[in-house]
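With chain A fixed as given, assemble chains B, C and D onto it according to the hints.
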Amino acid sequence: MEYTREELLICAIARMLDGCKNIAVGTASPIPGSAALLVQALTGGASRASILGSDIHNPFNDGGPELFDRAGQGRVDAFFLGGGQIDGEANINLVSTGPYPEPDTRFPGSFGSAYLYFSVPRVILFREEHSRRVFVDKVDFISAPGWSPPGVHRPGGPYALITSLCIFRYDRERHRFRLDGLLPGATLEEVRDNTGFDFDCPDNIGPVAAPEPDKLALIHSRIAEEISETYPEFARNRLGWQG
Amino acid sequence: MEYTREELLICAIARMLDGCKNIAVGTASPIPGSAALLVQALTGGASRASILGSDIHNPFNDGGPELFDRAGQGRVDAFFLGGGQIDGEANINLVSTGPYPEPDTRFPGSFGSAYLYFSVPRVILFREEHSRRVFVDKVDFISAPGWSPPGVHRPGGPYALITSLCIFRYDRERHRFRLDGLLPGATLEEVRDNTGFDFDCPDNIGPVAAPEPDKLALIHSRIAEEISETYPEFARNRLGWQG
Amino acid sequence: MKAPESYISADEIASRIPDGALIGVPKEDGGVAMEVTRALVRRNARNLRLLTVPVSSMQADMLIGAGCLSEIETSGVSMGEFGYAPSFRRAVQDGTIVIRDATCPALYAELQASEKGSPFQPLRGIIGSDVLANRADWKVIDNPFAEGGSDPIVLLPAVRPDVALFHARYGDRYGNVWVGPKRECVLLAHASASTFVTVEEIWDGNLMEDERMLAGTIPPVYVDAVAHAERGAWPLSLANCYERDGKHLQSYVKAAKTPEGFTDYLKQHVYGEQAAA
Amino acid sequence: MKAPESYISADEIASRIPDGALIGVPKEDGGVAMEVTRALVRRNARNLRLLTVPVSSMQADMLIGAGCLSEIETSGVSMGEFGYAPSFRRAVQDGTIVIRDATCPALYAELQASEKGSPFQPLRGIIGSDVLANRADWKVIDNPFAEGGSDPIVLLPAVRPDVALFHARYGDRYGNVWVGPKRECVLLAHASASTFVTVEEIWDGNLMEDERMLAGTIPPVYVDAVAHAERGAWPLSLANCYERDGKHLQSYVKAAKTPEGFTDYLKQHVYGEQAAA
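Protein chains in written order, with the working numbering: chain A, 2 to 244; chain B, 2 to 244; chain C, 11 to 287; chain D, 11 to 287.
If you're looking for bench data, these hints aren't it; they were derived computationally from the structure.
One should not assume that every hint holds.
What the hints assert, rightly or not - With a straight-line Cα cutoff of 30 Å, these simulated DSS-like cross-link-like pairs (lysine-lysine) come out:
#1 D:K149 x C:K149
#2 D:K267 x D:K277
#3 D:K257 x D:K267
#4 A:K139 x D:K277
#5 D:K257 x D:K277
#6 D:K264 x D:K277
#7 B:K139 x C:K149
#8 C:K267 x C:K277
#9 C:K277 x C:K264
Next comes chain A alone, as it looks inside the complex:
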């Protein structure tokens, strides 16, 4: 069975969203968005995808605060975040490298991360560039911490980290990543070489599970069409959508 990296990741993320009733996806996230729509389709709508920027696949209408209000109530089960830097404790940096506030490189800013990382139970980190520039030992600025000391109200936190080389799962007790699977073509050595933080690794690390045929079929039809509303170029170039 042939499949692309995008299709593999969509299916891998979809597995992580199992049992999530409300899945929210932020801007510039075509792969997480496709995964959320896939889960919605597979569950017959029992899992609900909310795609920021979509007019159709966004069941909310009460303005900017609504997502955060819902997350604060525990009504958002999964969300996606990235990071200019991410470190081994899952601290994320969306602000800048070097000294603050006059940095070497300025990123856009923390957006909702300092809130959603605390309130959403399954935050999936998605950052394709797998390099020591991104995956550092310690972030220069903590937009949102990967864990909090006891006593800090924190129903949410990191769940997994997906890169162009591999998938890590996050251990909330030990505040550490554990390698969970390699992407096609990637090796453990390559991951180690390009990761600036220490992580756990099982003895026999295998590949990320291949996409299930039924999911692949769905991706090529309904999901490609649905995601094309928000990400037309992604649907066309990466999922082969010709609609």
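Frame of chain A, contents of chains B, C and D only:
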């Protein structure tokens, strides 16, 4: 010049609203409502009347919290409150007489008084029944206190008390009412006999100033029409509106 | 237009509101689900707790008179120009109901905290009142932002109703309901664990896809069940649809002044064949 | 339809926003008053402070590039799929602008506190972040409602912009403006000391008297001046009216990568005769 008690009170209240940019009037308040509309008409709209229950004379549309939000911001300059009991310090009781929570007589409840009495600079108390049952030495339940100790944030508070016999002004420094004028037919002795609290009284207490002819003319025409939308019977029976 | 098949009846809504539930309801002109209120009386609901947002009239009074409520949190229960609320007054005076006296913006604040998932909301005023003195669940702290000197301020805890219940102007076949500018209903739906709505009319089309209706629409993620109930707010009003039935309200107040009269009223207008005559 | 006589021009709005003002603006798809933004550049505004609600794109970047801002409070400035915001990045890296980094719900909370006249609002999360560590104006207290043990929670102070500025879909001759479901604009108008709005189209009739428009309408008590500006959000989008002009945004990003390119862009598109070509 002939005039009715209602017309006299409308004009007296209108004088108290001088300089108020935003005047809000609650439910069951045809006389304060007419006064607010009169001031709006006299100022060419520079003073704005907001009549609860009116579809036309209510420039707000954002639901129940909006009045309180505006008051909290200092955007409501005048409001009207009543009371099942009112005492000499201007404490008001909208809850019950006798012991609490199982009282002798239960009133509806405090409504917004415990907030608006603190936030609106000119709260005018309006209670027509002038009796020792209403005007007591000490209220049985403080829905909202007439004054607050230093340190309590309180830009608002009582300004005057209007009854069927007289008008009191409130002295915020001394937390006491001072008799300001008698209504036609009422005497100082009658006021004293029917008031359960001690109040200040100037040596020569006179009548409440008669309505100005131009205001009377406005009341009989435009104001009667405007208030008839919310209080049709009042406009017809008390202001002679035949529209 | 015919009601969508997913709609249930007002009586089914009443049966899905369990005894003991904390129910949040809007004020008299905010879209009161009177048909469900009658259905709650019919199903002999017990130990309900009512949160009026922020006040109530006949809805609270009828539920109290019928013995459905064990507790009420309110800023005021009154029949307005028709006088005091007879069952409410009687129950409070007799001590047969627990009353939690509040003030309007405090009730909004309790719901707004719940809407945000915040543990509390601050609110100015209230200090020195017996409203505050009788609310052990409200707290006073020193404003941490005050410059120089103590500045006490009240904090209201988040209150999450088990059920939000109201009557809306429109519902569509996609589960959306339209309340227009009645933001209290939006707040109630957001703040509550579940939401039941009766709708006056069926809207032909998708309310979420009509640019003009969108701002006043509550989407199905907040709505657990919808019933179609024409004149569902009667004898209270529904904005831009019908005025309140003053004559009927007056007759209710008169009847409810005695327990016997109240019972007769129920027989005639709640248990009778045609409630909304 | 002709604009009402009470309307002023976008340049007049810019002239009524004084140097040094704190300006609150919505995010890219919320109705950005780009025509007034260009007018602010044309009038050489200085020392403005921008509060983005909660993020911004070209509006913030252009004001920064033109030297209009001394300070920005934001949760993010980005050109989205067109890349980083060049002037913003340059100014922060060079230290020529004061940046107050925030997180989205904290900015809403600051405005919501102002809307209510409350001194602060609580918000979960944020603790342990460098966002909090760098905000001396945000405070942490122990949640007074916590049962057993310490429960730290952040309090955000009320922030009251001097000016709310946005572009709305409709304005009418009575001073109403209609933003539909863009609640951020309602929040901005309520929370700010004054509000200036450009409108895309003139609505024939009174928006407050149309039941369907009412929920999305901001009444004139909150609006200080209105200008009619067709395509007033260009090159950004206006919901249900026009998409953003991606080609133009791409060319802006390319130009703004150097100060010289940015100056050329201004000459052509801001100082030029026809800005919204």
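- Hint numbers the structure violates, sorted upward? 4
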